[in-house]
Each structure stands twice: as structure tokens, then as C-alpha cells.
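Q: Going down the list, the sequences are from chains B and E.
Just so you know, we're using my numbering here: the first sequence kicks off at 1 and counts up by one.
Just so you know, we're using my numbering here: the second sequence kicks off at 1 and counts up by one.
Honestly, the hints are just simulated from the structure, not real lab data.
Fair warning: there could be bad hints in the mix.
[Said to hold, decoys possible] If we take Cβ atoms under 8 Å as the criterion, some of the chain B residues that face chain E in the derived model are:
| hint | residue |
| --- | --- |
| 1 | Val6 |
| 2 | Thr7 |
| 3 | Gln8 |
We put the beta carbon where it would ideally sit given N, CA and C, even for glycine.
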Amino acid sequence: MHSDAVTQHEFVVRGNERAAEGIWRLVIESPVAGQLAPGQFMNLRVPGDGSHILGIPLSFKGANAQAQTVELLYAVVGEGTRRLSQMVAGQSSTLVGPCGRGWWLPEGEGRALLVAGGIGLPPVLAAARMLADAGIGFDAIAGSRTADMVLSDDIEDLARLAGADGRVITCTDDGTAGRRGFVTEAMGELLRERAYAQAYACGPNVMMAGVARLADEHGVACQVSMERMMGCGFGACSCCNVALVAGGYALCCTDGPVFDAREVAW
Amino acid sequence: MVSTVSMAVDLGGIRMRNPLNTASGTYGNGVQFEGFYDVGATLGAITCKGVAAVPWDGNPAPRLAELPGSAIMNSVGLQNPGVRGFVERYGDYLQGLRDRGCQVICQIAGHSLDEYRQATELFEELAPFASGFEVNISCPNIAQGGAAMGATPEAAAQVMSVVRPLTARPVVVKMAPHDVAEIGRALEASGADALSLINTIPGMAIDIRTRRSRLARATAGVSGPAIHAIAVRMVWECANAVTIPICGIGGVASGADAAEMILAGATAVSVGTANLYDPTCVPRILVELEEWACGQGVSDINELIGAFEC
Ligand SMILES: Cc1cc2nc3c(=O)[nH]c(=O)nc-3n(C[C@H](O)[C@H](O)[C@H](O)COP(=O)(O)OP(=O)(O)OC[C@H]3O[C@@H](n4cnc5c(N)ncnc54)[C@H](O)[C@@H]3O)c2cc1C
Ligand SMILES: Cc1cc2nc3c(=O)[nH]c(=O)nc-3n(C[C@H](O)[C@H](O)[C@H](O)COP(=O)(O)O)c2cc1C
Ligand code: FES
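Kindly produce the complete structure, drawing on both the sequences and the hints.
A: In C-alpha cells:
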């Protein structure tokens, strides 16, 4: 047997509550907790209705190896996530993980810049913890469509991890909370004010493409956590292809989900 | 359960210790499942992803959609590293499976007769670990070749006339889900040792808001539990038309599904899409199949092949 291979774990729901409009916070207890690296993901099976067969790939916000717990945030967008939102504390199921290759520490010296769009926040929080643990300073921008969708508690966590000299900016597209406008506008300002060694981003594809372009213009290395429809999550089906600048495709689930933004053909 | 049933079967010269095989493209090349169970000790055979003479990129994203009612649709389009890349990456691992009693079936893909010839020649030379080959003449997701190569009895026989003289190892042919009796007969006559069916069923899924396909291509292949009944019917029709063994494929997710395939006339059974959403299913299906055979009061599972009564 290959010990580093992805495997299946049981999980028990410890908490599953609404965190913002259309967004839920899930806390599970699972042996996978001790194996997760920041930016990796897991593929959850929701028990019940057998007519919906694929798992739900989710990144995680944080994991506690000692308590064996993992905290996740997810948006209810379709049948699978709707049924996941109906799971109650004590219910159990299985997950596949830990999947993929997560974030890596900045290669050069200097601050990091974190950018999260909508439900891209959980892996960005995992990156924040990784940086804080390594003693690397960072600033962060978290964008949402509107005030109801802002994950205030999680943005507070982000601010705590960023420390006294870290700046954390909240924005909404419609200006109902924080600054009005897209994350890329706030990012442009920060890039003019401070020097960064590395950007980390997760959010809608158009947002990540914009972040990648801005970072590149300022000569800042950039990591992005990509999303694709996934059949398996562990390299068995080749369904999750990401086009590369060098030509051909990588697989999001094994080569990613975190990629060097300069390698991705946006 | 102490098994008294002999589970070994012979798929056209590929001697399998049990009837379970994997459907090409849904099982990586085996190594991806090592974290779930001991692949080499479990399967009767593994069928690898389709490989061509030279690397293919496959189709653009998105390549996958989930459909209501236990089905998915894919348009991967045979992304593969070419025979040389495949052998370099997986050769040692696959030899290891072979050494441990799991047969290794390498799948040959091509856009043209010439490409099938080149891929077969390369496999012959570079893949001593292959117990046999499966020729894919039924991929619905590539522009030329693919399914067209297996669309008529004449076209299917032509591919066999190219591949057959190049290898003495068993050759299985992967068939598209149409005209299986007629095309099956043509393949048997042109030297196929076994047939495997069905490949995915061409379908469409339209996003009614954007009026575009939910995948990057207009059409893609439907698979999963929803297609099982269609697959069983086609295995039965084909089994009634040929004398060579058949590997039944399509929506198998339980021992009962595999048992249906065997009753309909399949010698071996491949698990496909179920591996993706339930990666530990194979060992469970094997236990269930053995329990069923035991319950049928036979001493050899071969007694149940084609034992459907009508
Ligand atoms: C590596 C990875 C990490 C992810 N992390 C998170 C996370 O932390 N929190 C979160 O809320 N979501 C995350 N997602 C997205 C999440 O997996 C999907 O939203 C979910 O699977 C949708 O399932 P569903 O059955 O509810 O939706 P469906 O009914 O299947 O689809 C509803 C809509 O969502 C889209 N969709 C479905 N699956 C995916 C997918 N895998 N990626 C992108 N869009 C999809 C469909 O195209 C459709 O428009 C992640 C996806 C990946 C690949
Ligand atoms: C993601 C995916 C990739 C596939 N790739 C191949 C392939 O490379 N060659 C092939 O002959 N069939 C391929 N197939 C078809 C399967 O081998 C099988 O014939 C089909 O999916 C029906 O079985 P199932 O319902 O159990 O999945 C693929 C199917 C899926 C879902
Ligand atoms: S989701 Fe199956 S290979 Fe990535």
C-alpha cells in the first residue's frame, strides 16, 4: 500500500449552521484532521438520496489535529450542498482526502497579500494561519456581493491572524458593507502602498484572473486555488482539467487545486 | 463466509481470478486506488486508461456534468501521455499488479487505422506487463476516429484487421452502445478474443439560461447507475450473437448489478463510474457477488454466465 495516497475517512457532524446568507459553517470530527495541509481539500459524500452521486469537494478553513475536528464553510448552490445543509450534529458519512496540493510558503522575503472572493474565503483563512505560524506578515482583502453574505466572524479571525500591522479590507460589490467595489480595486491600492513577495487568492475565476494579472504587473508571485467540476478528487478520471500556458492540461485535483497563477492559461 | 464457489473466469485468454475488472478511464491506472484497498490482491483485472501512440491533450474544460437520476456526463476525450509516457510512469506499478495475480489490460486508442497500428506496435514492444489489450473503437468524445471507428461492422473489422496481426496477446474490443449483435459478430469473425460493452451513451445537457452546453462540447458520454438496464440488455443481445466472452460494463455499483451482467451473458464485469464516487466499492462488490453465487448453489461462477432464463 502507498501510505501517502488519498484515502477514505469517516466523519461525524459536530456543527452545521448558517453563517451568512446562503453560506453554512460545518464542523466535522474526522481522522483526516491530522493529515490536512493548508489549501488541500476533501470530497464529502452526503448520505441519503442516491440519485445525486458525486461527492462535494470542499476546502477547509482550519483543522485541529488534537480534537480531530475540521471547520468548513460552504455555499448552498445546488442539490448536493442543499442536502449537506440538512445534515445535523451526530450524523455521519464518509469523505475522501486529503486531496490535492495546497499552498506553499512565499519563496522570497517579504509580506504576503491574501485575496478572497465570496466563498473563496475558507482556503484563504488556511493560508493566513500557515503564514502566521511561519511568522510572515500579511494583508488581506475579503470581498462579497452584499452585506448579508459577509462572513464577519471569519474576517475577524483573518484580522487576528494578520496582527497589529496587518491590514484587512472588507469590500462588497454594492457597497452595503465595507468598501464599495471589487477586490481588485482594493488590491491595486495596496500594491501601490506596500511591497509584497507573494499573493494568495481564491474566488470566482474572473476574480482570480484579475488578481493574477495585477500581481503579475507588479512583479508579485501569485498562487491561486482553482475550482473545477470533479468526478473523483484523486486523479482517477481526468475530468478536472486546468489549461496551462505551456500547453496541455493539469488536473485540478492532484496537480492543484493551488497553482502558480503564471502557469494557468486564463 | 467460507467460499465454496470457484470465482476464476477466462476472458478470451485473460485468466482472471475473479470476474471483476475496471472500466477504462474511471480507474486512473490503478495506483490512485492504493490508498483505498490493496488493488493487486483484489481485482481480477484492471483495464487502464486509453492510450495513443503519441500524447493527446483531451478536450477543454468543463469536461463533466452531473445529471439528475444517478448519472454523469463526460467529455474527457482520451487525455493521455502516449504509450512511451504511459509505460515510463506506470510500467513498474502495473508489472507489480501482474506479479500479484491481477491481470493488466492496456487500452489502445487512435484517430485512424494508422494510429491504431502505431499504438499497438509500441505497446507490443514496450509493455511486457500487459496481459492483453483492449481496443477502444467507441470513444464518443473525440472528433475523428473514436466511435466512428466502431460505427459499422465493416469499420470495426478494419481496425481488427490492423491490430490482430500485430500481437499474439488476447485482444478485447470496447464497443459503442449500438448494433452490438451485428458489430459483435463482425469483430468475432475478424479475430477478437473478447468484447467489452458498453462505452458511454452519447447525450446532451443544455443550460437553458445561457442556451449553451453544460460541458465544453455539445455532446458527451452518459454513464453511471442510470444506464445499467440499457447495458444489461446490450450485453444480452451481444452474448446471443457471438461465441467469444464478453466483459459487461455500464452502471455497475453493487454485487447485484454485476450478477445481472453475468446472467445476461457476461464472463467478466467492469466497474466504472462507481469507482469515482464510491472509491471503496470494488471489494464490497466482490464480496456481494461471491455471496450471490454461493446462494445460487453453484460450485463455479462460470455456471451462471448467461444463465438468464426467458
Ligand atoms: C477544490 C475545491 C474546493 C472547493 N471548496 C469550496 C468551499 O470551501 N466552499 C464552497 O462553498 N464551495 C467549494 N467548492 C465548490 C463546491 O464543491 C460546489 O459548489 C459544490 O460541489 C456544488 O454541489 P451541488 O450539488 O450543491 O451543486 P450542483 O447542483 O452540482 O451545481 C450547482 C452549481 O454549482 C456549480 N458547481 C458544481 N460543482 C462545482 C465544483 N466542483 N466547482 C465549481 N462549481 C461547481 C455547477 O456548475 C452549478 O452551476 C470547491 C470546489 C473545489 C473543486
Ligand atoms: C470520466 C470517464 C472517462 C472514460 N474514459 C474512457 C476511456 O478512456 N476509454 C474507454 O473505452 N471508455 C472510457 N469511459 C467509459 C467507461 O469505461 C465505461 O464504458 C462507461 O463509463 C460505462 O460504465 P459505467 O456506467 O460503469 O461508468 C470513460 C468513462 C468516464 C465516466
Ligand atoms: S476529479 Fe477525477 S481526476 Fe480530478
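Q: Look at each hint and say if it fits the structure.
A: Taking the hints in turn, this is what the structure says about them:
no.: 1; hint: Val6; result: holds (5 Å)
no.: 2; hint: Thr7; result: holds (4 Å)
no.: 3; hint: Gln8; result: holds (6 Å)
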